[in-house]
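Novice: Produce the entire structure from the sequences given, and follow the hints as far as they go.
Protein chains in written order, with our numbering: chain A, 370 to 483; chain B, 31 to 145.
Derived by calculation from the structure, the hints in this document are not laboratory data.
These stretches of chain A come out as covered by chain B in the derived footprint (C-beta under 8 Å, 3 or more residues):
no.	stretch
1	390-402
2	414-421
3	470-483
Glycine included, each C-beta is placed from N, C-alpha and C at the ideal position.
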Amino acid sequence: SQQGEEDPQALSIQEGENATMNCSYKTSINNLQWYRQNSGRGLVHLILIRSNEREKHSGRLRVTLDTSKKSSSLLITASRAADTASYFCATDGAGGTSYGKLTFGQGTILTVHP
Amino acid sequence: GAGVSQSPRYKVAKRGQDVALRCDPISGHVSLFWYQQALGQGPEFLTYFQNEAQLDKSGLPSDRFFAERPEGSVSTLKIQRTQQEDSAVYLCASNVYRAGDEPQHFGDGTRLSIL
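Specialist: Okay, structure coming up:
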C-alpha cells in the first residue's frame, strides 16, 4: 500500500518558474527521499533528508521536512524543460526493518514548458 | 556495468504462462530490492535480498511470485501462472548495505503485459 499522498498530482509550469511538490506520510520515519522518473525509465535518487533534519539543499533542489505534520515538500527553482518528469517521495520507516525498505507516494507529474 | 541492468525490457505473455525477469545489480552491492509499479502509481515493495538471503518477502502478492538471488549477485523474479493483474512494470534496485540512509539505484524496469 502507498505510504501517503503527493500533492498536486500534476503540475504544469513555464521554464524559469519554481515548482513545489508536497508529500504526506502516515508513520514514523528514519528518513524521507525524493526520486525522479522519466517516462519509461527507472527512478533516479535526488535527495535524502533524515528525520532529525528540517531542510536540505542540493543545487536547484530544496527539501523541507516537518515530522510533526508528517509532511515534506520539494522545491525546484528556475525550472527547465529537462525537469519534466514524475517525482516521488519515499519513506524509510522507523521502528521496523533497518535495511532501507522504501514506501513510495503516488507521485507528482511535472511538465515544464519551454 | 555502471548501473542496474534489467532484462527483458518488455515482456508479453499469455495468461497462465510463467515468466522470469532478470536483474543484474551494481557490482558489490549487497542489498537488492524488487518493486512493482502499476500504471500511474508509485512503486510498491515486493521483496528484499541481503546478499543471497531473502530477508523480506512480505510484499509478494501471492505464492505465484518467487524471487531468488542464489550467488548474491544476479536476481530473478519469477511469476507462475500469470494473471492480467500482474501487468505492471517490475523495477529492481540495489545499494551498498547500510542501516538505511543509503539511496537506491534503480534499473529501467521490465514492462510486463499479460494478454
